[in-house]
Amino acid sequence: MILVKENRCDFCGTCVAVCPVDAIELREADISIVHATCIDCDICIWVCPIDVLSSDQKPEAKND
Amino acid sequence: MTDYDVIVVGGGPAGSMAAHAAAEKGLKTIMLEKDRDIGYPVRCGEAVGDVALRQFMDPRPEWIAATITKIRMRSPNNTKIDFDSPGAGYILHRRIFDYALANRASQAGAEIQTRAYVDGLLFENDTVRGVKYQYMGEPRTLSAKLVIAADGVESRIGRMAGIRTAIKLRDLESGYQVTVGNIDIDQEMIDFYVGSNWAPGGYLWVFPKGDRMANIGLGVIGTRAKDYNSHDLIHDFLKEHYPKASMLTSVCGGVPIAQTLSQITANGIMLTGDAARMVNPVSGGGIVSGMHGGKIAGEVAAEAISTGDVSIKGLAEYPRRWRKAGGKSHEALHRISESIYDIDDDKLNKIAAKLEGVPEKDRSLLKIFTTVAREKPKILLDVTRAFTGF
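Chains A and B are the protein sequences, given in the same order.
Position 55 of the first sequence, counted from 1, bears residue number 57 in the working numbering, the numbering being contiguous throughout.
Position 196 of the second sequence, counted from 1, bears residue number 507 in the working numbering, the numbering being contiguous throughout.
Read the hints as simulated data drawn from the structure, not as lab findings.
The reader is advised that the hints may include incorrect statements.
Simulated pairs of lysine-lysine, BS3-like, Cα-Cα distance not exceeding 30 Å [to be verified]:
hint, chain 1, residue 1, chain 2, residue 2
1, B, Lys443, A, Lys7
2, B, Lys443, B, Lys479
3, B, Lys624, A, Lys7
4, B, Lys336, A, Lys7
5, B, Lys624, B, Lys339
6, A, Lys7, B, Lys550
7, B, Lys550, B, Lys661
8, B, Lys635, B, Lys443
9, B, Lys443, B, Lys336
Here chain A stands alone, though its shape is the one from the complex (with noise of 0.2 Å):
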């Protein structure tokens, strides 16, 4: 599953623009996952600028 760091989030629609599936639902300064539509391919997690987003499944997926 995708976690979001709310407070973190800049709601750049980076991830929305890259995900396959349309399951990101971003507003001025909301975002949510819709998770029965999400397929955990993590690639919004990947193309976030300031690591907002992450898995539950793989909490180091992103390297610094």
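We have chain A; now place chain B onto it with these hints.
Same frame as chain A, now just chain B:
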């Protein structure tokens, strides 16, 4: 009978140009912006070419933070290649510029609604006939003969219409930018750093913002973004190069450097700007290309509505005119971007060393071209050409 002739989704330059063009042709037009402000937050380096901008309007002094006459490219080992480029362009105040474009649209008769988040489309017989949106959290609908989706890199409206807009990792730059104060730079120079130390598969930019300020940002190619964090890279860069700078703004953003979507229309809808992937794939610049796409979309909207055919067939002029206006060079630029963002640091340094040997007074683009013609791929040249619009 519909509520509007045209609904434009998104209030950036592409949306405002589309709304302006549609309203000017007499269409009843509304533009919906999800945020509370037009023009803010600014997820953009704010650079624009003079010639490119003048295709649409003369620049106004209040839009301009800095006037650019010089370009510097730096290789990974910090070899600096400078080009004089008088009349190259500007660093804008997007906040003011976007406002002016929206105001221009409204003065042509377009309505504008902020805090209007479009979360669905209305359909009638496989044709888009309006939008569902939330205004300050309250669900509403509006019907229209045509929807123009200028909803930026996310491009969700197109998906709702069945167009595949999800972007590939290799076609996206994951970016971060700070606007800093207390920085001593040449306020007429834009300064680029290429190579893997600061921007793997992308570049880092230092753009003057007037009054000892600058936009400093970078983009990392999506395929390598997993191992890099744009935020941390920018902070490391500032520490190393401009330790006294203070951050006035910081923003994230994704830059689509894809080829324009092969499908930018569906029945009752047109996609434009970043949403249609019209950004210059080498420079990452999307202001002017978005304005161009938006303008064409607004004009075609008027023609299609007057003939009563808003089907894909009725909108066929839109992709045709986009391709004629810039689509062909856009495709060439995409091919260049695919090759240059894979060049390793050694190669970049080698090219820079060769360019450095050209005396500065002879460093015209043509001279550079002949000097490095045998050196392929010719990244610095291609990048510079993309930025200066040659």
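- prompt: Taken at face value, is the distance from the CA of Lys336/B to the CA of Lys443/B at most 30 Å?
  reply: 25 Å, holds
query: Given the hint that Lys624/B pairs with Lys7/A, does the C-alpha gap stay at or below 30 Å?
result: Roughly 45 Å separates the two Cα atoms, so the pair is violated.
field: Given pair status - Lys661/B, Lys550/B, alpha carbons within 30 Å
entry: The given pair, whose Cα atoms are some 27 Å apart, holds under the 30 Å limit.
message: Against the 30 Å threshold, does the CA-CA distance of Lys443/B and Lys7/A hold or violate the hint?
response: 28 Å, holds
query: Between Lys635/B and Lys443/B, is the straight-line Cα distance small enough, at 30 Å or below?
result: Not OK: Lys635/B and Lys443/B at ~33 Å, beyond 30 Å, violated.
- prompt: Is the straight-line distance between the alpha-carbon of Lys7/A and that of Lys550/B 30 Å or less?
  reply: OK: Lys7/A and Lys550/B at ~26 Å, within 30 Å.
query: Holds or violated: are the alpha carbons of Lys336/B and Lys7/A at most 30 Å from each other?
result: Not satisfied, since the Cα-Cα distance of roughly 46 Å exceeds 30 Å.
- prompt: Does Lys443/B pair with Lys479/B here, judged by a C-alpha cut-off of 30 Å?
  reply: Holds - the C-alpha atoms of Lys479/B and Lys443/B are around 28 Å apart, at most 30 Å.
message: For a C-alpha distance cap of 30 Å, please report whether Lys624/B and Lys339/B respect it.
response: OK: Lys624/B and Lys339/B at ~22 Å, within 30 Å.
The structure is inconsistent with the numbered hints 3, 4, 8, although it conforms to all the rest.
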